[in-house]
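J.: Residue-level listing of the chains:
Number of protein chains: 2
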Amino acid sequence: MSLAALVQKISQDAKIAAREVAVLPTSVKNKALAAIAAGLQQQRSLIEQENQKDIKNAQQQGYPRAFIDRLTLSDKVINSMIQGLNEVSQLPDPVGAITSMWKRPNGLLVGRQRIPLGVIGFIYESRPNVTVDAAALCLKSGNAVILKGGKEAIHSNLVLSSLMAQALASTGIPPTAVQVIPTTEREAVVELLKLDEFIDIVIPRGGEGLIRFVAENSRIPVLKHYKGVCHIFVDSDADLEMAETICFNAKVQRPGVCNAMETLLIHNSIAPRFIPLMFARFREAGVELRGCPQTVALDPQVKPASEQDWGYEFLDLILAVKIVPDLEAGLAHIARYGSYHTEAIITENYRNAQRFLNEVDSSVVLVNASTRFNDGGELGLGAEIGINTSKLHAFGPMGLEELTTTKFIVYGSGQIRQ
Amino acid sequence: MSLAALVQKISQDAKIAAREVAVLPTSVKNKALAAIAAGLQQQRSLIEQENQKDIKNAQQQGYPRAFIDRLTLSDKVINSMIQGLNEVSQLPDPVGAITSMWKRPNGLLVGRQRIPLGVIGFIYESRPNVTVDAAALCLKSGNAVILKGGKEAIHSNLVLSSLMAQALASTGIPPTAVQVIPTTEREAVVELLKLDEFIDIVIPRGGEGLIRFVAENSRIPVLKHYKGVCHIFVDSDADLEMAETICFNAKVQRPGVCNAMETLLIHNSIAPRFIPLMFARFREAGVELRGCPQTVALDPQVKPASEQDWGYEFLDLILAVKIVPDLEAGLAHIARYGSYHTEAIITENYRNAQRFLNEVDSSVVLVNASTRFNDGGELGLGAEIGINTSKLHAFGPMGLEELTTTKFIVYGSGQIRQ
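Chains as they are written, first to last, in our numbering: chain H, 5 to 422; chain W, 5 to 422.
Hints listed in this document are in silico derivations from the structure and should not be mistaken for laboratory results.
The structure presented is a predicted model; accordingly, all values stated were derived computationally and were not measured.
Some hints could be false.
From the structure, some residues in chain H lie toward chain W, with a derived Cβ separation under 7 Å [as the list claims (entries may be wrong)]:
1. Val27
2. Ile86
3. Met246
4. Glu248
5. Asn372
6. Leu383
7. Lys395
8. Val414
Rough simulated footprint, nothing fancy, chain W against chain H, three-plus residues with beta-carbon under 8 Å [stated by the list, open to error]:
9. 107-117
10. 158-170
11. 199-206
12. 214-227
13. 232-239
From the three backbone atoms N, C-alpha and C, an ideal C-beta is built for every residue, glycine too.
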């Protein structure tokens, strides 16, 4: 079978399975999640054995240590997959909920009912545990899923896939509801992205290169974010102690993730008071600071920022700092350089807080809280499959509900159109 | 300026305008709608004069009468545009509504707030009145819009565009919030569809050819439906009189539209009773019937249906008819040949009604009512810009609310991520 034919067959099978999965009772879906968890528990040695093949290959090809860490399905990682399955099992099932219902003058009862999206194409890079995490969310939300992981994790992904297929079959669910594309060729992704007839939504997760590749080649709508260039604006009326705590958390707690702060905007009038303590704390944590001329004037140890540093996702202990004359200028900077991801204001001023919430065009906008809260779990969605910054139904973190849409259901009693 | 540069400039300007339009008070948006209506009222002769150029060109090029009718901006059509503007003005403004809000254990107040999509690309065919109708919906929902109409309506669209720009400017709204691409070249559409940096959503409206062209060339998510192949299933427990009335309405009232019935599925057990009266009525209205072998056996005047007739959008007084042994077979036929658009069941059986609503994967699913109700106005959305059968946030008719999405807003008091 050619690669194109293989991908087509997988997608067709997924579409058929999706019809069944869409109407499964919650209890059956939870049973399947439990069966997958039990499979992982029982087959630890098999999983580790297959995972070793990937690790050995990666080592031979000279991948860096951090990469191999992410690739490794240790006992701890297997435990976290099992825990994830249990957590998803406990989340409420979004499918079938009537989100609203109203009566028309002609007596028609019109409602909107949550339904699964259908078939989700999930394209991701190295970590093989994501294979199980993503499958669990798709299954619980009544979707079929086609998974295409990184080539370096192919043995791991295939053994997890076969475990999940067995678990599904044992609970009477078509195993084609969760499929891993069994090839390392990138051409498979290109083929997949053409199949808008069978696949409803594509979610890529990984580096900006992967995501751009998917967006540019897809005929299917893509839920994605390219990057998270998160800003914090410290207002003239900020509680400076709170500002220091939040900015430190947003930059330092986990600098390599998309909801970490990349640019700090400081109101002119408090900069001389705020900068000394804040920068001392950043330096202690090893943060490299790159500032606008005014910042450098206040603290000559700061490296001058280049134009490239604005709107740049460092994903590292590096921070761009700009002093602005007012909220207006802060909003303009965010509008120009932001990535629609996460922005926060630190202020005690009521009007500025409301204005910031209202005008900033980002998936999550916060007052007096860390940007690190842009996360499905932290915001109360239970779990997330990713964060979307396209203006589609799911702007921001995507949990179970964001893997559904609604259809209209209409209860009539013989109505016709006049 | 090259065509590509022109389209890029228009799109960039739209994005800048979108930021302003997003936060306009409802009263200002309504004032702009009123100003557009007043402009149409005052400039009737100018509009008709420009429209005449399009009509003359179309006549010279031998376009059919029906096409020229659709192209004509008669006094009646101008009145309907004015009425449409007034209606949209009276609809509630969806922007800013908090759709839900909850408190996290750490005290964060997390809410979802409706925001505009941003910049909408609207690509459509002949009728120039759509230029104003679509602009009104986009403006009221806080979006900027770029309109690309058919080449045959270019003079009409440009005069309407200039009227709208004046009206916007007179109310202090950037005129670039509503722009018509001033060219007849299709290449402009290709350029537009690349600009995912500036445009958030594309909505094509027109024939299947146009829509496929847009879907295949777009890097921006597309809200669309290719076709409406609507089915009605007449169950064994149907009230046959009601079934007759609804099926007649769904096929005959306006056969050329996407929510008209194209295939009638009849339960085996009532076919012999239902068919004689129903078919007599269809024939009286000039409906051509194409049936499965069983249908032909019951009524030899029926032409045998070919495989092509299933899942075909006739948009005409032609109906495909199939007798099925049970609901299961009806559901399977719809799953195979349906277009995710509109499906109805006629039944007095509670369980079958609920099962049909639950299992049919269409944007609108009805019990005992005509498929013709898949329409934003009829379902109570106020108005619609189109119907979407992709599984995005707006599955079905799209009114004002469907031209928005939500962002997360978070009220904190110093929270950081642990």
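J.: Evaluate each hint against the coordinates.
T.: Taking the hints in turn, this is what the structure says about them:
1. Val27: This interface hint holds because 6 Å falls under the 7 Å limit.
2. Ile86: violated, 23 Å
3. Met246: Check passed: Cβ of Met246 (chain H) comes within 4 Å of chain W, closer than 7 Å.
4. Glu248: violated, 10 Å
5. Asn372: holds, 4 Å
6. Leu383: holds, 5 Å
7. Lys395: Holds, because the Cβ-Cβ distance from Lys395 (chain H) to chain W comes to roughly 4 Å (cut-off 7 Å).
8. Val414: holds, 4 Å
9. 107-117: holds (count 4)
10. 158-170: violated (count 0)
11. 199-206: As far as the region 199-206 of chain H goes, the hint holds, because 3 residues have Cβ atoms under 8 Å from chain W.
12. 214-227: Holds: 5 residues of the region 214-227 of chain H have a Cβ under 8 Å from chain W.
13. 232-239: It is violated, with 0 qualifying residues against the three required.
When each numbered hint is compared with the structure, violations occur for hints 2, 4, 10, 13.
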